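Student: So you can see what is in the structure, the chains are spelled out below.
Number of protein chains: 2
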Amino acid sequence: MRIDKGRLERSIEELGRIGQTPRGGLTRLALSDEDKRGRDWMVARMREAGLAVTVDQMGNIFGQRRGEAALPPVIMGSHIDSVPTGGKYDGQLGVLCALEVVRALNDGGINTRCPITLAIFTNEEGARFQPAMIASGVMAGKIALEDAYNARDKDGIRLVDELERIGYLGAEPCVARPFRAYLELHIEQGPFLEEEGLTVGVVEGIVAIAWSRLTIHGVQDHAGPTPMRVRHDALVAAAEVVGGVRRVAREIGGDLVATVGNFVVAPNIVNAIPGRVMLSIDTRDPSDATLDRARAMLEPIVRDVCAREGVRYELEHYWRVPYTPFDRDVVDTVERAAKASGARYRRIRSGAGHDAQYMAAIGPAGMVFVPSRDGRSHCEEEFTAIDDIEHGATTLLLAALDLAGRA
Amino acid sequence: MRIDKGRLERSIEELGRIGQTPRGGLTRLALSDEDKRGRDWMVARMREAGLAVTVDQMGNIFGQRRGEAALPPVIMGSHIDSVPTGGKYDGQLGVLCALEVVRALNDGGINTRCPITLAIFTNEEGARFQPAMIASGVMAGKIALEDAYNARDKDGIRLVDELERIGYLGAEPCVARPFRAYLELHIEQGPFLEEEGLTVGVVEGIVAIAWSRLTIHGVQDHAGPTPMRVRHDALVAAAEVVGGVRRVAREIGGDLVATVGNFVVAPNIVNAIPGRVMLSIDTRDPSDATLDRARAMLEPIVRDVCAREGVRYELEHYWRVPYTPFDRDVVDTVERAAKASGARYRRIRSGAGHDAQYMAAIGPAGMVFVPSRDGRSHCEEEFTAIDDIEHGATTLLLAALDLAGRA
Numbered sequence: 001m002r003i004d005k006g007r008l009e010r011s012i013e014e015l016g017r018i019g020q021t022p023r024g025g026l027t028r029l030a031l032s033d034e035d036k037r038g039r040d041w042m043v044a045r046m047r048e049a050g051l052a053v054t055v056d057q058m059g060n061i062f063g064q065r066r067g068e069a070a071l072p073p074v075i076m077g078s079h080i081d082s083v084p085t086g087g088k089y090d091g092q093l094g095v096l097c098a099l100e101v102v103r104a105l106n107d108g109g110i111n112t113r114c115p116i117t118l119a120i121f122t123n124e125e126g127a128r129f130q131p132a133m134i135a136s137g138v139m140a141g142k143i144a145l146e147d148a149y150n151a152r153d154k155d156g157i158r159l160v161d162e163l164e165r166i167g168y169l170g171a172e173p174c175v176a177r178p179f180r181a182y183l184e185l186h187i188e189q190g191p192f193l194e195e196e197g198l199t200v201g202v203v204e205g206i207v208a209i210a211w212s213r214l215t216i217h218g219v220q221d222h223a224g225p226t227p228m229r230v231r232h233d234a235l236v237a238a239a240e241v242v243g244g245v246r247r248v249a250r251e252i253g254g255d256l257v258a259t260v261g262n263f264v265v266a267p268n269i270v271n272a273i274p275g276r277v278m279l280s281i282d283t284r285d286p287s288d289a290t291l292d293r294a295r296a297m298l299e300p301i302v303r304d305v306c307a308r309e310g311v312r313y314e315l316e317h318y319w320r321v322p323y324t325p326f327d328r329d330v331v332d333t334v335e336r337a338a339k340a341s342g343a344r345y346r347r348i349r350s351g352a353g354h355d356a357q358y359m360a361a362i363g364p365a366g367m368v369f370v371p372s373r374d375g376r377s378h379c380e381e382e383f384t385a386i387d388d389i390e391h392g393a394t395t396l397l398l399a400a401l402d403l404a405g406r407a
Numbered sequence: 001m002r003i004d005k006g007r008l009e010r011s012i013e014e015l016g017r018i019g020q021t022p023r024g025g026l027t028r029l030a031l032s033d034e035d036k037r038g039r040d041w042m043v044a045r046m047r048e049a050g051l052a053v054t055v056d057q058m059g060n061i062f063g064q065r066r067g068e069a070a071l072p073p074v075i076m077g078s079h080i081d082s083v084p085t086g087g088k089y090d091g092q093l094g095v096l097c098a099l100e101v102v103r104a105l106n107d108g109g110i111n112t113r114c115p116i117t118l119a120i121f122t123n124e125e126g127a128r129f130q131p132a133m134i135a136s137g138v139m140a141g142k143i144a145l146e147d148a149y150n151a152r153d154k155d156g157i158r159l160v161d162e163l164e165r166i167g168y169l170g171a172e173p174c175v176a177r178p179f180r181a182y183l184e185l186h187i188e189q190g191p192f193l194e195e196e197g198l199t200v201g202v203v204e205g206i207v208a209i210a211w212s213r214l215t216i217h218g219v220q221d222h223a224g225p226t227p228m229r230v231r232h233d234a235l236v237a238a239a240e241v242v243g244g245v246r247r248v249a250r251e252i253g254g255d256l257v258a259t260v261g262n263f264v265v266a267p268n269i270v271n272a273i274p275g276r277v278m279l280s281i282d283t284r285d286p287s288d289a290t291l292d293r294a295r296a297m298l299e300p301i302v303r304d305v306c307a308r309e310g311v312r313y314e315l316e317h318y319w320r321v322p323y324t325p326f327d328r329d330v331v332d333t334v335e336r337a338a339k340a341s342g343a344r345y346r347r348i349r350s351g352a353g354h355d356a357q358y359m360a361a362i363g364p365a366g367m368v369f370v371p372s373r374d375g376r377s378h379c380e381e382e383f384t385a386i387d388d389i390e391h392g393a394t395t396l397l398l399a400a401l402d403l404a405g406r407a
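First to last, the sequence lines map onto chains A and B. With the numbering used here as the guide, the letters of the first sequence map in order to residues 1 to 407. With the numbering used here as the guide, the letters of the second sequence map in order to residues 1 to 407.
Just so you know, the hints here were simulated from the structure itself, not pulled from any lab data. On a predicted model such as this, the values are computed, not experimentally measured, just so you know. Beta carbons are placed, not taken as given, at the ideal position from N, Cα and C, and that holds for glycine. Hints are supplied without guarantee of correctness; some may be wrong.
Computed spacing ranges between beta-carbons, pair by pair [what the hints assert, rightly or not]:
#: 1; chain 1: B; residue 1: Glu68; chain 2: A; residue 2: Arg312; range: 42 to 50 Å
#: 2; chain 1: A; residue 1: Gly310; chain 2: B; residue 2: Glu13; range: 29 to 37 Å
#: 3; chain 1: A; residue 1: Arg10; chain 2: B; residue 2: Gly167; range: 34 to 42 Å
#: 4; chain 1: A; residue 1: Arg312; chain 2: B; residue 2: Asp387; range: 26 to 34 Å
#: 5; chain 1: A; residue 1: Gly24; chain 2: B; residue 2: Thr54; range: 51 to 59 Å
#: 6; chain 1: B; residue 1: Ala52; chain 2: A; residue 2: Arg312; range: 45 to 53 Å
Partial list, computed: chain B residues near chain A (C-beta under 7 Å) [what the hints assert, rightly or not]:
#: 7; residue: Pro131
#: 8; residue: Ala171
#: 9; residue: Phe263
#: 10; residue: Cys379
So that you can see chain A by itself, here it is in the shape it has in the complex (with noise of 0.2 Å):
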């Protein structure tokens, strides 16, 4: 029983195919043409594989390989979805470690106990819908179906219309369903594992993650004849605070980061000075107290920068997970299976949000990384080498096996 490096690479680059960018990287937008023809795909390759292919009210799928007892399964899932000009590997490649583990498993013979059940959840990233991991969170009653199905993308179009249309709006409830655990592998998406010299990291939890929105409304005028003296210029206000944002980061240190991802000018062109300025700021640190603390120090900062310009503003609180532990059993689990896959790894926090989080609020659950080149993804350049992707690919199947327990 083991897993096949080649058939995981050409799956990787069948998949990356779809949605792939001139460059090599992904542009597969959740429920977009690419999403589409990539879950088509997908469910071809699980039910080739013999699962039980099922599609739930937020259009997550589910295929289900059955165990000898009537017993909750074992869950290996991740997502499809990418950003805009994202990379092969983060979502897509966590899918595909867990269909090449069904592979190992039924090329093994190998029966479990348990089932395993392969799960794709939609619009993880939330780069097109947000918040992110949008279905998980509604699988985990952490946000409500009416509210995920009116989410509109940047056009206005809603997320259960994108569904319908691509015809993965499943009947099947998206609500808590009882589990033995949840394995996802993900790329590391950060430095350490590679600076490390690592090929696998044990997750032991996630970290805390808050956004917030602000919206900063100055004078729109002429650039020309309207003196500085007079100016109340959006768009110098908010570039403040960008600095701002940093500078709080410098300042509480340690592992908090914080950036401004998204930012919208309006009218936005050469010759009229901004009225309007939206920007998103996203905030992440082990510690839910650090989290605070950064809000803490951002408020005065917007609130006196915005005084000084001369200009209005809302400063909203959005969206917050606090810190994620996993599963204590689950973890000690994944890292026995580090170990006999021969791989070097160490315990590791994520400092992204994935659909884990959510899984981990109604059952027990983990996570596998796996190194990123220079530590980079979100991006064409994302990459990840295949004997890197083997370990954990090994570290998922051995630890899914543990889990569900051998027949």
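With chain A's structure known, arrange chain B on it following the hints.
Tutor: The following block gives chain B in isolation, referenced to the frame of chain A:
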């Protein structure tokens, strides 16, 4: 012979309904469907007023009222395109006051020695196609017709294709034509006339303008697992440049204005470190030397900021218009007309570019300003009181009659 204030007010309202925004402003981008409807409305009014209408290769519209002598015309012109969510006065007021001048001459049965021509220039704003004032630029021989035709809007649509689509790709060559004088009435777009309780500005010249484009290439990465120490954030660098532009304007002082108006972030999602920012820098001053000084101060700021963040950049200085003094005789004529109209007036410089700038390169030109409430323009709140407009239109009428010569 007098301006009919009520008639003028009605035409401002009527043309202002084409492209009107819910909040009473105007969105009539160059060569859009709204621009076509505005042009059609104007052409109908020009024909009603007895003008012979022609359209040139750049879609500039000319309506000629015959003169008694075979002499070059006095041209009165402006534009009817607007910025997004702009106002009902910028551009269209100059065209409608010129129309009202023709109507007033008709009502009074007054013949002139020189013909009088009403001109409507294409794409003055530069909000849809760049550069601004593209069509008078072609006419003045400063922009190649082919370059103008190939200008693309943000969706990649070419100017020439839009000209053809809306039916305003005329046959008449767009080249310098002889004229006795060019006169343009326009809103001031600045605070000075209102602050000083004046109703008319006699424009002596237009400030020098420089447009630059800065593209910053950082490293796109995931906002979560990427520690602060390894980041190369294009937005953090760009934000510092925005602050630098403001600082340069403050340090140089005087009449210099400097604005970052266009600011585009990629990939522009909450959880990705921005990999690229493109921003515009617009600087203006009556003195060309001051613009050189601003540029000399800006370049090291950009260099240092980008070095500090470890990002690459390209800085292109892609458009520059020197200070444009208007023709002394035309300015004197406008001043006499302002006095005769009963306006409270003073000489003033324009901080905004106008088609008059290019027309001044090929013949004697001048402008008439009317006040802008709170100095505001390029916004829905743009407003000029009808009594001020009446003084401006009367000044335009008297100046045009003086220059064309009563027959």
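Student: Note whether the CB distance of Glu68/B and Arg312/A lies within 42 to 50 Å or breaks it.
Tutor: 59 Å, violated
Student: Under the criterion of a CB-CB separation shorter than 7 Å, is Cys379/B in contact with chain A as hinted?
Tutor: Status holds, d = 4 Å.
Student: Go through the hint on Ala171/B and say holds or violated, using the shortest Cβ distance to chain A against 7 Å.
Tutor: Check failed: Cβ of Ala171/B comes no nearer than 32 Å to chain A, outside 7 Å.
Student: Is the interface hint satisfied for Pro131/B? The criterion is a beta-carbon contact with chain A at less than 7 Å.
Tutor: Since chain A brings no Cβ nearer than about 9 Å to Pro131/B, farther than 7 Å, the hint is violated.
Student: Between Arg312/A and Asp387/B, does the C-beta distance stay in 26 to 34 Å?
Tutor: 32 Å, holds
Student: Mind checking the CB of Phe263/B against every CB in chain A and telling me if the closest is under 7 Å?
Tutor: Check passed: Cβ of Phe263/B comes within 5 Å of chain A, closer than 7 Å.
Student: Does the Cβ pair Gly24/A, Thr54/B satisfy 51 to 59 Å?
Tutor: 54 Å, holds
Student: Regarding Gly310/A and Glu13/B, is the given constraint of 29 to 37 Å on their beta-carbon distance met?
Tutor: 33 Å, holds
Student: Is it true that Arg10/A and Gly167/B lie within 34 to 42 Å of each other by Cβ?
Tutor: 56 Å, violated
Student: Measuring from beta carbon to beta carbon, are Ala52/B and Arg312/A in 45 to 53 Å?
Tutor: 52 Å, holds
The earlier numbered hints that this structure contradicts are 1, 3, 7 and 8.
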